[in-house]
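Colleague: Model the full structure from these sequences, guided by the hints.
Which chain is which? The protein sequence lines are A and B, in order. full-length UniProt numbering puts the first residue of the first sequence at 1, with every later residue one more than the last. full-length UniProt numbering puts the first residue of the second sequence at 1, with every later residue one more than the last.
Just so you know, the hints here were simulated from the structure itself, not pulled from any lab data. Treat the hints with care, since some could be wrong.
Claimed, not checked - Computed from the model, here is a short list of chain A residues facing chain B with C-beta under 7 Å:
| # | residue |
| --- | --- |
| 1 | 38 |
| 2 | 41 |
| 3 | 50 |
| 4 | 51 |
| 5 | 55 |
| 6 | 162 |
| 7 | 173 |
| 8 | 209 |
| 9 | 276 |
| 10 | 277 |
| 11 | 303 |
To be verified - Which stretches of chain B does chain A cover? Using the computed rule of at least three CB atoms under 8 Å from a CB of chain A, they are:
| # | segment |
| --- | --- |
| 12 | 5-16 |
| 13 | 93-99 |
| 14 | 108-118 |
| 15 | 137-146 |
Here the structure is a predicted model, which means the values were calculated and not measured. Glycine included, every Cβ here is placed at the ideal spot set by N, Cα and C.
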Amino acid sequence: MAVPVSQAWTVASYVLTQKLKGRKRYPLVLMLEPLFRCNLACAGCGKIQYPAHILKQELTPEECFRAAEECGAPMVSIPGGEPLLHPQMPEIVAGLVARKKYVYMCTNALLLKEKLHLFKPSKYLSFSVHVDGQREHHDFSVCREGGYDIAMEGIRAAVAAGFRVTTNTTLFDGADPNSVRAHFDDLMAAGVESMMVSPGYTYDKAPDQNHFLGKAKSRRLFRAILSNRKKSWQFNTHPLFSEFLMGKQNFECTPWGMPTFSIFGWQKPCYLLQDGYADTFKELMEETAWENYGAKSGNPQCANCMVHSGHEASAVDYNFSSLKGFLVTARKYMFPSAYPDPDAQKLLNEWRPEHSGPLVQIQSNNAVNDELQEVSGD
Amino acid sequence: MATEQQEHLKIEQLRQHNADEIETIAGREKENLEGWIPTLASDAEVRDALEKAFDYRGDVTITRKDGSQVTGYLFDRRTGSSLTDSFVRVIPTNERVKVNVVYAEIAALAFTGRDNAAGKSFEAWVKKYWEKKVAGEKNIRIDPEKLD
Ligand code: SF4
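Modeller: So, in structure tokens, the structure goes:
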């Protein structure tokens, strides 16, 4: 996992403390949603569909700080909406950094370059830029031509200004693994610290209700993408979560691992599913019927879910739950694998973009395919 | 929590196949609730209508039995064992407060606001995109709606 040692140490000691205190449920990342409005109208997004009076509302910095303190998680992710539309975002980020929270400020980067001077580089702050693939894939999925170029310009400007920059890529049915791999090359060349990739979730409010990846296809896609990986690629996801996506591990969901706070309160049970709101973090933890969520619960809304916010905390919990888990994970950090897999390479070589899906109309990049005829990994 | 009716495509799919083997998972069929005024004759109808109001991405108008009204976004519901210990939570259109209304106090419900999740089909965007692309248009995009 490509994160600074101080961050890894903070997270490890936090989790160990929770374990020693005998806490069965502890948050790892606070998902802080200070507003829902956005300057994009992405095809896969179900977060922005509220009446105007709700979209105009935003959390105050004090509400954000109170939520961070109530929850106590060592990391705070700020999604939205687009956080850079919040006029007090620099103040919110500075306040969280002052509280020694590791902040991932998620952004589509349309405004990043022009707002960069309002932030100060810090080991506690990373801009997590959402880039859904190479130029045409990204532009199509955010429904805006030119979006990719602006995002990449924002990334380069932030890197040049000395900020930590990570990326987040969400994949839907029709994603082309060869193009995703070329996308990783582009991102690393732009100087990003590390990348995250995750399958989209079947948001019931998403405008596109027909292109959600099922689990079988997700695993095949991620096996093609993440096997035979290049040494230059750095990921900021837990190695066991990446194995989970590739079908090499099975984890149940940990919906309490990444709790969400917004203008409505603490969202039950997770970042994705709305089943009501609690007014306090304590109420969220104590009064949510956690047994009703996750694939094993039989809840149809969870049946397909493999997302990071529900499952990465399971990987973290696993590595601190037993000596075996700890040793397995430690080995993976010390000796990162490229996951050599000739079958996955075959999958890549034979993958043909499907022309049925709306996100796959982009012509395949032959140069990329040719380059990948042999097992890659430098 | 979605009702069984809302999730029926996925439930049907899961009845036929193991979730681990499904290639593409079903989405949800959109219900057209805008303008709907449900009948609230029985407890079950009250609960069902308020569950749908919780799921609705537009404002609703609730008329209480004392004649007073609240219009706004219904963002939460807490269901108890009876209508007297169940309540909805609403953020009114013009205030930043959270108003509680007990189910038993509700005389009428109307889905008065525009459904912000409706009418934004991705297929329509794809069609428009290709029409514009073929016409040689540049900078094709969907912009978020204006808030004022
Ligand atoms: S399985 Fe997914 S949708 Fe269900 S509770 Fe977990 S994270 Fe949320």
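Colleague: Taking the hints in turn, state whether each one holds.
Modeller: Each hint tested on the structure:
| no. | hint | verdict |
| --- | --- | --- |
| 1 | 38 | holds (6 Å) |
| 2 | 41 | holds (5 Å) |
| 3 | 50 | holds (6 Å) |
| 4 | 51 | holds (5 Å) |
| 5 | 55 | holds (6 Å) |
| 6 | 162 | violated (31 Å) |
| 7 | 173 | holds (5 Å) |
| 8 | 209 | holds (3 Å) |
| 9 | 276 | holds (5 Å) |
| 10 | 277 | holds (5 Å) |
| 11 | 303 | holds (4 Å) |
| 12 | 5-16 | holds (count 5) |
| 13 | 93-99 | holds (count 3) |
| 14 | 108-118 | holds (count 4) |
| 15 | 137-146 | holds (count 8) |
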